[in-house]
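Visitor: Each chain is listed here by its residues.
There are 4 protein chains.
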Amino acid sequence: MTVFDVTPRARDLRERLTAFMEEHIYPNDAEVHRQIDTGNRWEHLPLIDQLKPRAQEAGLWNLFLPPASSRDGKYGAGLNNLEYAGLCEIMGRVWWAPEVFNCSAPDTGNMEVLARYGTPEQQEQWLIPLLNGEIRSAFSMTEPDVASSDATNIQSSIVRDGDEYVINGDKWWTSGAGDPRCKISIFMGKTDPTAAKHLQQSMILVPLDAPGVTKERMLTVFGYDDAPHGHAQMTFRDVRVPAANMLLGEGRGFEIAQGRLGPGRIHHCMRLIGQAERALELMIERAGQRTAFGKPLSGHQHVREAIAHSRMEIDQARLLTMNAAHMMDTVGNKEARGQIAAIKVVAPNVALRVIDRAIQVYGGAGVSQDTPLAMMYAQARTLRLADGPDIVHTETVAKVEMKRHAARQG
Amino acid sequence: MTVFDVTPRARDLRERLTAFMEEHIYPNDAEVHRQIDTGNRWEHLPLIDQLKPRAQEAGLWNLFLPPASSRDGKYGAGLNNLEYAGLCEIMGRVWWAPEVFNCSAPDTGNMEVLARYGTPEQQEQWLIPLLNGEIRSAFSMTEPDVASSDATNIQSSIVRDGDEYVINGDKWWTSGAGDPRCKISIFMGKTDPTAAKHLQQSMILVPLDAPGVTKERMLTVFGYDDAPHGHAQMTFRDVRVPAANMLLGEGRGFEIAQGRLGPGRIHHCMRLIGQAERALELMIERAGQRTAFGKPLSGHQHVREAIAHSRMEIDQARLLTMNAAHMMDTVGNKEARGQIAAIKVVAPNVALRVIDRAIQVYGGAGVSQDTPLAMMYAQARTLRLADGPDIVHTETVAKVEMKRHAARQG
Amino acid sequence: MTVFDVTPRARDLRERLTAFMEEHIYPNDAEVHRQIDTGNRWEHLPLIDQLKPRAQEAGLWNLFLPPASSRDGKYGAGLNNLEYAGLCEIMGRVWWAPEVFNCSAPDTGNMEVLARYGTPEQQEQWLIPLLNGEIRSAFSMTEPDVASSDATNIQSSIVRDGDEYVINGDKWWTSGAGDPRCKISIFMGKTDPTAAKHLQQSMILVPLDAPGVTKERMLTVFGYDDAPHGHAQMTFRDVRVPAANMLLGEGRGFEIAQGRLGPGRIHHCMRLIGQAERALELMIERAGQRTAFGKPLSGHQHVREAIAHSRMEIDQARLLTMNAAHMMDTVGNKEARGQIAAIKVVAPNVALRVIDRAIQVYGGAGVSQDTPLAMMYAQARTLRLADGPDIVHTETVAKVEMKRHAARQG
Amino acid sequence: MTVFDVTPRARDLRERLTAFMEEHIYPNDAEVHRQIDTGNRWEHLPLIDQLKPRAQEAGLWNLFLPPASSRDGKYGAGLNNLEYAGLCEIMGRVWWAPEVFNCSAPDTGNMEVLARYGTPEQQEQWLIPLLNGEIRSAFSMTEPDVASSDATNIQSSIVRDGDEYVINGDKWWTSGAGDPRCKISIFMGKTDPTAAKHLQQSMILVPLDAPGVTKERMLTVFGYDDAPHGHAQMTFRDVRVPAANMLLGEGRGFEIAQGRLGPGRIHHCMRLIGQAERALELMIERAGQRTAFGKPLSGHQHVREAIAHSRMEIDQARLLTMNAAHMMDTVGNKEARGQIAAIKVVAPNVALRVIDRAIQVYGGAGVSQDTPLAMMYAQARTLRLADGPDIVHTETVAKVEMKRHAARQG
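Protein chains in written order, with the UniProt record's numbering: chain W, 1 to 410; chain C, 1 to 410; chain H, 1 to 410; chain R, 1 to 410.
It is worth saying that the hints were derived from the structure and are not from the lab.
Just so you know, same-sequence chains aren't split out, so a pair can sit in one copy or run between any two.
Below are the EDC-like pairs computed for lysine to aspartate or glutamate, each with C-alpha atoms no more than 16 angstroms apart in a straight line: (1) LYS183 with GLU124; (2) LYS52 with GLU134; (3) LYS399 with GLU281; (4) LYS183 with GLU134; (5) LYS215 with ASP225; (6) LYS403 with GLU285; (7) LYS403 with GLU305; (8) LYS183 with GLU43; (9) LYS295 with GLU285; (10) LYS215 with ASP170; (11) LYS295 with ASP150; (12) LYS183 with ASP209; (13) LYS399 with GLU285.
Turn these sequences into a full structure, and let the hints guide you.
Guide: As structure tokens, then:
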């Protein structure tokens with residue numbers, strides 16, 4: 001409970017979401033893993049299809065779109081970032097849960113981009129089916145051959161040719177591309193390598209069935225393939241798409257990326273906090289059940305310290321993230337960029353520490369398939385890299401701070 | 001700027017306080033140290049006496065008393081814990097500033113105890129002069145011969161003898177006793193060593209000029225004597241005080257301690273955050289002024305990382321502390337005891353890390369008398385010990401968390 | 001280069017081993033993974049079979065047996081712990097390399113137990129084929145239902161019945177049991193639950209094809225199955241083995257465990273140091289190749305700090321481990337138990353920090369199958385648990401230290 | 001006991017030194033502080049004068065000069081760096097002890113410079129009285145107005161004028177200048193600001209009684225003035241010294257600094273390790289004496305963890321330092337520069353962590369004058385700055401490592 005638990009509407013949604021998680025998500029966790037492990041790993045999971053209509057009926061659908069993007073509630077639930085943050089934490093507690101509520105990455109970010117910047121035609125063709133949960137989407141930005149933390153490194157090209165754009169490039173960590181329902185990717189590449197640094201890039205819609213688009217292989221994350229979602233390495237060879245697939249206009253890729261990033265970071269961080277909370281609960285549970293050297297694990301001070309430090313770190317990370325969400329809602333993404341950068345450093349590192357402590361309390365079970373901990377760790381670890389490594393965001397925090405200091409000094 | 005900056009009244013006080021600090025405190029820092037170093041170290045500082053009436057005129061006086069203790073504004077400004085927290089941070093930026101506003105420890109805690117639990121006579125005799133800033137006070141709890149983190153260890157005795165109590169015991173870290181205006185101490189000792197654990201202790205008012213009270217020596221903190229405030233080691237030998245000096249009643253020492261602790265911890269933590277903010281500002285200032293290896297220090301990535309991590313840690317610690325204050329205001333000290341314990345661990349450690357980084361950026365100046373950093377470090381270091389060492393509060397956080405978990409599990 | 005590089009013989013072996021690694025191991029790393037990923041994962045790898053005779057020819061075979069266990073060189077190379085340590089580090093740089101030299105766990109520990117405590121018949125039947133690399137072995141100690149860090153928790157039973165023992169129990173993390181050539185396991189269980197604490201346990205040889213022995217499933221470590229070696233969960237239901245399979249005698253399980261542990265920990269730690277060195281090399285390599293924000297990664301100070309701290313930590317961990325080996329060689333395992341406990345805490349944590357930094361420098365490639373880093377991390381993480389979690393060894397270090405202090409005080 | 005305990009001669013000296021410490025140093029610690037606190041703080045201590053002849057008689061005098069500097073034993077004991085390291089640790093356990101053995105900084109470094117580079121006349125005039133312990137010396141390098149971590153920043157000038165040099169500059173942290181017997185300082189300044197970067201600087205001998213030399217004030221370190229040794233801020237205004245006072249030659253200041261630094265860092269680090277060992281002993285002592293919550297402090301797991309981690313860190317730091325000493329002895333200071341840089345980062349940080357844990361175990365006593373801990377902390381903290389801040393040495397370690405890697409890659 002914090003000062004942030006403000007609106008009755010958010011509190012109501014939180015209660016209903018928690019109830020849904022308890023009724024439909026936690027009890028089905030084992031079944032989801034059974035379906036993945038026993039079928040073709042890259043098929044859509046029947047269970048998730050069964051749960052989606054229930055979430056829709058329960059009014060727990062497309063909760064993520066903030067008012068600015070939802071065109072006054074035309075799309076989505078119209079929750080502001082602070083209201084959604086608390087819900088995102090709850091969904092994030094189980095890795096496959098967000099999709100049930102049509103709130104999973106990278107679909108959320110893609111839908112937000114389409115809602116904000118898409119033409120009516122683009123929205124009709126791609127946004128509506130995405131909002132309905134009928135198709136899924138990917139985001140193709142990172143490239144295998146360059147340090148993508150520096151976006152100016154990007155080598156992919158998007159070249160106008162008559163009514164079409166011709167797309168070439170190698171991409172990897174195209175997450176979600178493993179799902180057979182993944183139909184569309186937002187692709188980032190350079191339309192004009194000679195333009196000013198931040199005007200070289202564009203984003204364009206590329207259907208995954210377009211000729212020249214190839215899924216080369218699926219990447220693993222600490223041994224996990226994250227099926228059926230997955231992370232693809234892809235090649236784009238002379239892929240032709242209609243010129244109308246361009247988003248917002250040539251050279252505006254950075255602008256879109258900026259707008260996309262803020263909410264996405266809140267989401268990632270709140271899901272991580274949800275994971276950390278769950279890891280802490282599991283840790284406490286185990287600490288009460290196992291006995292070593294004549295007393296329960298919770299009777300050992302270092303276990304209690306693990307619990308206490310986890311609580312202190314999680315609470316701080318949550319408050320920081322909710323404060324960043326609140327800043328976005330009140331002063332805007334640009335003014336809040338320091339706060340947004342800060343949570344992107346803090347939340348993954350806190351989650352990793354908490355999960356790691358839980359693993360240690362569990363012993364061998366902690367690294368095995370018998371707890372969700374090792375998989376949680378692997379996923380959280382990628383978030384110190386994905387969407388910019390720690391150092392990039394740390395530099396942003398420093399830059400904002402030094403500017404603020406200079407302004408104060410006059 | 002955070003979600004916590006709520007009431008206009010708090011915002012107004014913050015602005016006026018900031019202006020006062022800029023006009024009267026920062027510019028006089030050097031003069032205060034000059035007065036200490038050139039006079040008798042243990043005399044009251046003339047400068048502080050000059051500033052007190054100005055603070056009173058400015059309406060910046062006795063800001064600390066929360067409504068529950070202020071008898072509906074009869075005493076103090078009637079600010080709640082959250083409102084005061086932000087002000088406490090600002091005053092805390094300079095170690096001698098709180099006294100100017102009559103908001104310095106241990107007077108604040110003592111005044112709160114007297115306002116809450118004192119008889120009208122006790123209030124007349126001691127609270128009113130304290131509220132007027134005419135006298136100062138001390139708190140005698142810690143003992144040199146036992147681990148005082150475990151309050152049941154306390155060996156001092158308070159024995160009823162007719163209309164008097166006879167007091168015996170050795171105390172140290174009686175902070176503030178160095179000041180010649182320190183007239184009274186709240187003394188903790190056992191009235192009944194055979195009672196139940198938490199009913200053995202009592203608190204009683206002991207005038208420092210009572211026969212049998214001796215200041216044995218002043219303690220140093222690292223190499224600082226913290227004159228003229230100071231930390232005394234004291235002996236109490238057959239000290240007789242009127243029975244009416246007993247606070248609340250025999251055996252109620254723990255009860256008083258509990259009530260006293262919550263606000264005191266908010267104050268300590270917010271002052272630490274103020275110190276950390278100031279250290280961060282000093283760090284940034286130096287980073288822009290000095291040059292090494294062909295660029296300003298701020299051109300070196302490790303300095304920028306020091307700045308960024310300090311900002312991230314301070315913001316988290318502040319949010320955690322303000323949230324704890326908010327919890328105290330809304331659900332009460334007892335319900336908020338986990339949060340109060342958490343800040344007592346987090347804030348001193350954060351402050352120490354930030355100050356230490358600032359020292360490193362300053363080089364030799366950082367450990368010397370030329371910056372306030374080393375003294376800030378020494379003071380912050382004691383707060384990992386004073387009022388309970390880290391581990392005691394860490395255990396509280398764990399206990400609360402495990403109980404909460406058990407309650408959730410039904 | 002350290003003071004420990006002493007004997008010419010060790011130096012010679014180190015050079016030849018390094019040459020072998022460069023000629024036969026590193027270049028075949030990709031092929032090993034191809035064989036695992038394309039065949040039946042649980043078949044023995046042809047490549048390793050081809051390399052074993054070459055290692056034998058090169059005189060790089062069974063290097064691990066210290067003189068005390070090698071019966072004066074009857075078995076093994078007769079290297080002392082310090083001499084072997086440096087070789088173990090080199091082999092450990094590639095996870096599958098030790099088997100090529102017949103120096104992989106748990107075979108090494110098992111062979112040492114058989115060499116030290118086995119009867120001539122036991123040695124004939126199991127030790128000789130193991131020394132020849134014809135069969136492989138497992139060690140069944142950890143149990144899924146209890147905290148095995150406290151060995152007194154073990155629930156498996158070994159009951160004498162005429163000329164046989166009847167074995168019952170659930171075991172997991174029986175590493176190596178995935179290999180089809182794994183023929184024998186050393187099984188730990190209680191022969192007398194009523195005996196004094198350290199006399200309840202025994203170790204006995206259990207052929208894996210004995211009726212009642214079932215591999216229930218293979219465990220994953222993070223997402224890795226570590227095929228074809230693997231980690232099995234196994235049940236032993238009324239398994240009958242000849243009474244002659246008992247090792248050393250009933251109730252002497254702890255005694256054997258103690259003897260086994262010292263060298264095993266040196267081996268684990270030196271392999272971890274080898275892994276850390278390789279991670280550091282990979283980190284430096286990448287830092288020179290990739291460019292971000294206009295300069296190579298190595299031009300960024302935080303990357304150089306990652307390199308420097310890795311070097312400092314690895315060097316300290318190696319010196320600590322080699323010193324522990326030296327102590328074992330000179331004053332014996334019992335006297336060196338504090339040092340042995342210390343390395344078991346230090347080395348895995350150092351390796352994890354170094355590998356984690358390397359992952360961060362690599363970005364997405366670091367967590368994927370394109371570098372060995374994520375797998376190295378997963379394996380190193382288990383070594384904060386396997387063979388006792390950090391806290392157990394930390395407690396040993398403290399105990400030894402406090403005893404030493406007490407002895408000094410007289 | 002480590003592998004480094006090699007020569008019988010070193011072992012013998014260690015035993016005799018330990019005996020001397022027990023007989024003459026530890027029992028006099030309180031008396032030393034009494035003499036400082038009750039007399040004129042800046043007078044030479046009578047007790048130390050009484051102990052010096054005893055140390056000489058015991059053959060424990062000038063142990064620090066390595067063979068290369070001792071002119072084949074003409075001066076000093078002729079111990080190599082590894083042999084001396086162990087002795088330096090023992091002397092370092094008490095801050096005032098090294099002077100008793102004529103082994104205190106900065107005299108040791110100054111004597112080494114004079115022994116190596118001094119002319120016969122310089123040696124006659126300054127080295128002999130220093131070796132006899134009759135006078136003391138200082139080293140004037142750091143300047144208040146620039147980042148002295150970058151030696152090219154130095155602003156002091158040394159200008160030839162006929163048979164003299166004219167010296168101008170501001171210096172601070174001229175340690176040892178507080179002692180009335182301090183007669184001479186080695187002064188670093190620029191003789192030719194237009195020369196190549198590393199040829200601009202020179203070192204020259206400046207008698208402290210030369211006209212124009214002024215001790216402006218004494219600096220404090222966390223409140224300590226470190227009397228009677230002390231750290232002076234000094235001005236040099238048109239100070240004239242004979243041209244013969246130049247050391248080695250104009251422009252060779254860097255060269256001398258390089259030679260001086262290696263052994264000096266070993267000494268600093270081994271003294272720090274001695275301090276850390278003593279802090280650990282004090283921690284264990286207290287942990288056995290105090291009781292909290294029904295058991296001795298040592299019965300609390302976090303105290304045992306503090307003990308264990310301190311032991312593990314100290315042992316690693318000592319091995320690293322002894323290995324660096326061994327490298328200096330065998331491959332030379334230049335080849336060992338990576339190792340020397342590493343210990344300068346590792347040892348102070350380890351000492352600080354250990355001392356800080358000891359403070360925490362002691363509670364209030366830990367920060368006060370009742371234990372040596374706070375003073376030890378303050379001194380150790382300066383060593384993360386003095387003689388180059390952590391980052392400078394960290395960069396050296398990285399540079400050496402990357403070069404080594406490049407060499408290996410061919």
